[in-house]
Every structure is written in C-alpha cells, then in structure tokens.
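Protein chains in written order, with my numbering: chain A, 29 to 318; chain B, 26 to 149.
Source of the hints: derived by calculation from the structure; they are not laboratory data.
Just so we're clear, the structure is a prediction, and the values are computed from it rather than from any experiment.
Be careful, since some hints might not be right.
Label pairs and their in silico Cβ distance ranges [what the hints assert, rightly or not]:
1) A:S232 with B:P125: 36 to 42 Å
2) A:Q221 with B:S91: 33 to 39 Å
3) B:S65 with A:D215: 50 to 56 Å
4) B:F119 with A:L286: 16 to 22 Å
5) A:G287 with B:V53: 35 to 41 Å
6) B:S65 with A:V284: 21 to 27 Å
We put the CB at the ideal spot given by N, CA and C, even for glycine.
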Amino acid sequence: MSSRSSSAEDVESRVDDSLLRELVSLLRDRRTELREEWVHRITDADLLNVMTPEEIFGEVTAVYDNYVDVLETGSVETLRAYARDLSERIIPRGVETDEVLGIVLLLRDVLARALFVHYVRDGELLNSIFNAYEPAANRIAVTVSVSFVEERERVIREQQEAIRELSTPVLQVRNQLLILPIIGVLDAERARQLTEQLLGAIQSSRAKVVVIDITGVGTIDQAVANHIFQAVEAAQLMGASAIITGLSAKIAQTIVELGVDLSMLTTAGDLQGGLEEAERILGLGATDAP
Amino acid sequence: MSGPVSILSRGDYLIASIQGDLSDAEVVEFRDDVAERLGSHDARGVVVEVAALDVIDSFVARALRSIAVTARLRGAETVIAGIQPEVAIAMVHFKLDLAPLRTALDLDDALELLQRSLYARANE
Numbered sequence: 029m030s031s032r033s034s035s036a037e038d039v040e041s042r043v044d045d046s047l048l049r050e051l052v053s054l055l056r057d058r059r060t061e062l063r064e065e066w067v068h069r070i071t072d073a074d075l076l077n078v079m080t081p082e083e084i085f086g087e088v089t090a091v092y093d094n095y096v097d098v099l100e101t102g103s104v105e106t107l108r109a110y111a112r113d114l115s116e117r118i119i120p121r122g123v124e125t126d127e128v129l130g131i132v133l134l135l136r137d138v139l140a141r142a143l144f145v146h147y148v149r150d151g152e153l154l155n156s157i158f159n160a161y162e163p164a165a166n167r168i169a170v171t172v173s174v175s176f177v178e179e180r181e182r183v184i185r186e187q188q189e190a191i192r193e194l195s196t197p198v199l200q201v202r203n204q205l206l207i208l209p210i211i212g213v214l215d216a217e218r219a220r221q222l223t224e225q226l227l228g229a230i231q232s233s234r235a236k237v238v239v240i241d242i243t244g245v246g247t248i249d250q251a252v253a254n255h256i257f258q259a260v261e262a263a264q265l266m267g268a269s270a271i272i273t274g275l276s277a278k279i280a281q282t283i284v285e286l287g288v289d290l291s292m293l294t295t296a297g298d299l300q301g302g303l304e305e306a307e308r309i310l311g312l313g314a315t316d317a318p
Numbered sequence: 026m027s028g029p030v031s032i033l034s035r036g037d038y039l040i041a042s043i044q045g046d047l048s049d050a051e052v053v054e055f056r057d058d059v060a061e062r063l064g065s066h067d068a069r070g071v072v073v074e075v076a077a078l079d080v081i082d083s084f085v086a087r088a089l090r091s092i093a094v095t096a097r098l099r100g101a102e103t104v105i106a107g108i109q110p111e112v113a114i115a116m117v118h119f120k121l122d123l124a125p126l127r128t129a130l131d132l133d134d135a136l137e138l139l140q141r142s143l144y145a146r147a148n149e
C-alpha cells in the first residue's frame with residue numbers, strides 16, 4: 029500500500045487495516061466450507077476438466093490459502109511464485125487462459141458472496157468491507173492471470189527457440205560441400221539467422237559449394253526471397269558458390285515477380301540434381317589443378 | 026608507406042594485405058601502391074587480403090575494383106580474399122557489388138584459385 033500523507037487518509041487506512049484483519053479471520057474460519065463451495069462452482073462451470081477432482085481440490089486449497097494471505101499482507105510475491113509454479117504444471121496439460129481467469133474470478137465471487145451474507149445486516153459496514161476487499165481481490169486476479177500468461181509466453185519462446193535450432197542444420201556432405209535443408213516456415217528473422225549460420229559454416233568448414241534445399245518450404249514472401257538471394261551473394265563474397273534446389277512452382281513465381289537478376293543464381297530441380305551440379309563444380313576444380 | 030598494409034611479391038603473385046581499418050586517404054594510397062608494384066613486378070596474379078577489415082564500404086569496394094581493372098589491363102588476375110561473414114552480410118545488405126572481382130575464403134584458397142585459372146589459361 030502506498031504511503032499516505034494526510035492524517036484523514038491515515039485514519040481511513042487504519043480502518044481499512046482493521047476491516048481487512050476482520051475479513052481475513054472470517055475467511056480463515058470458514059475455509060473448509062468456502063473452499064468446497066469454490067470447487068463446486070468450478071465443477072459446475074465445467075472448468076479444469078483435464079484435471080482429476082483430487083488434483084483440483086489440492087490446488088484449490090493452496091490457492092485459497094495464498095489468496096487469504098495476500099488479503100492479509102498485501103504482498104503478492106508468494107502468490108505470484110505459486111501461480112508461476114502452478115502454470116508450469118497445468119500448461120502442458122492444456123489448461124487455457126480463460127479457465128484460469130474464470131477460476132480466480134469464481135473465488136472472488138464466492139468470497140464476496142460470503143462476505144455479503146455475513147454483513148448484510150449492516151449496510152454501512154458491508155460497504156466498508158467491500159472497499160477493503162475489492163481492490164485486493166482484483167489485484168490477486170490480475171497477478172494470477174498475468175503470471176499464467178507470462179509462463180505461457182515463456183514456454184512459447186522456449187519452444188520457438190528449440191524449433192529454430194532443430195530446423196536449420198548445416199550438414200557437411202563431403203570435403204568442401206555443405207547442404208542446408210530448410211524445412212518449415214521461413215520468416216525474415218529465421219532467414220537472417222540462416223544466413224549467419226551458413227556463412228559461419230562456410231568459414232569453419234572451408235566449403236566451396238553450398239546446396240540450399242527448400243523442398244520443405246511451402247511458400248515465401250518477397251522479403252524472405254530477397255533474404256535468400258542475399259545469403260547466396262554473401263556466400264559468393266566468401267568464395268563459395270550456392271545452388272538452390274527444390275523450388276516449388278509457387279516460390280518460383282514469387283521470385284519471378286521479384287524481378288531479380290537470375291543470372292547470378294544457380295538452381296536445380298531437386299536435391300539430387302543440386303548435388304550433381306555441386307560435384308561438377310568441385311570436380312572441375314580438382315581436374316584442372318596442376 | 027603509411028597505414029597498416031603490406032604488399033609482398035611471391036613468385037608470379039603479388040600479395041597485398043590490409044591489416045586494419047584504413048582511412049579514405051590510406052585506401053587511395055594503398056590502391057596507388059598496388060598499381061605501382063604491378064608495374065615494377067611482372068605479376069600474373071594479385072591477391073588482396075581483407076580479413077582484418079570490419080567494414081567494406083563503397084569507397085573501399087571501388088578501390089578494390091579499380092585495383093582489379095588496373096591488374097587486368099596489365100594481364101594479371103585479382104582475387105579478394107578473407108571477407109568476413111558479417112562484412113559479407115553488410116555488403117550484400119547495402120548492395121555493394123564486387124563484380125567482376127573473384128573472391129576466396131582466405132589467402133590459401135585465393136592462391137589456389139589463381140593457380141588454377143593461370144593453368145587453365147596456359148592450356149588453352
């Protein structure tokens with residue numbers, strides 16, 4: 029809670045604090061009953077159906093206790109850590125963002141309703157209790173949802189990185205010859221990485237010919253096509269020839285629309301043709317040398 | 026000669042090596058020195074080694090082309106050796122073209138390339 033300057037607000041904050049303490053002890057006293065009510069509401073709403081009732085009950089107990097702790101201390105750190113941990117466990121099982129948000133809002137409603145029933149005789153007190161409860165409850169909902177989404181984004185980022193590393197191997201077929209099989213969707217970022225990887229491999233393996241096979245690429249846009257040409261040109265600046273194989277008709281059309289100078293480009297229908305062409309280039313060098 | 030450059034003769038070849046980034050004036054001087062050495066030595070091939078360069082801008086690219094043309098007029102071939110990956114990416118990005126220059130990974134490859142093309146020419 030932020031520091032208050034005026035004395036009037038000091039009084040108000042003290043009132044808030046005592047009210048909070050009162051509602052925290054109320055929620056602790058009625059823990060078992062409210063927790064079960066929450067589980068019923070979750071099951072009725074058909075949320076979390078990838079988890080067993082026992083699992084739901086276990087998590088619900090932990091979240092409930094964390095929830096009340098946050099109301100008491102005002103610090104969301106423990107809850108955030110728990111929510112991260114929970115997300116890590118339930119994301120692989122296919123729990124969706126709307127479910128998580130729905131569950132937290134259900135708990136908010138269950139508790140709010142319990143408070144309402146308890147204080148309904150005194151309208152003014154009920155009002156003050158809600159003044160104390162609502163901001164804290166909303167903060168909890170935000171914390172849990174944000175933790176879940178952040179965890180999800182982290183998982184997605186990790187997976188993207190893994191896919192990237194897996195999908196762009198640079199293979200040495202034999203001395204001076206590299207193959208770069210590109211599979212999947214090529215975006216500008218991946219094309220840039222690919223260029224870097226290719227040039228690094230040319231330098232470390234002293235390759236003279238590189239066969240770039242894009243049979244596994246469905247479609248590319250003009251920016252990516254340009255990236256591929258830039259990779260070819262850069263490879264040439266480093267003394268290596270590049271051969272592109274497996275151009276689909278669709279990609280060929282994209283390239284035609286680009287209107288690039290095709291004279292600098294060596295292509296072959298498939299990987300086999302590309303390798304034959306590569307052998308020819310390398311063979312020329314070998315037989316001509318004194 | 027000023028600037029971090031060296032020009033050596035080795036048999037039929039002239040090996041001009043740039044060992045650090047050059048100012049524009051040094052680039053001009055380097056170009057003129059190579060041309061002069063081409064005149065005094067009857068070189069049949071020139072290797073310009075640029076592995077130490079972090080940047081090849083349009084000015085350097087033009088100087089390299091100009092060296093190649095001078096060499097060609099004197100009957101020598103030129104190979105640029107040792108362009109670094111980042112430099113190659115930047116050059117392509119800025120559409121700096123070295124054509125019709127030939128390029129090689131490093132000095133060894135450049136000498137091999139020259140050897141091969143001189144041999145091919147001798148056998149024509």
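Hints, one by one, checked against the model:
no. : hint                           : result
1   : A:S232 with B:P125: 36 to 42 Å : 28 Å, violated
2   : A:Q221 with B:S91: 33 to 39 Å  : 35 Å, holds
3   : B:S65 with A:D215: 50 to 56 Å  : 54 Å, holds
4   : B:F119 with A:L286: 16 to 22 Å : 19 Å, holds
5   : A:G287 with B:V53: 35 to 41 Å  : 36 Å, holds
6   : B:S65 with A:V284: 21 to 27 Å  : 51 Å, violated
This entry does not satisfy hints 1 and 6, going by the numbered hints stated previously.
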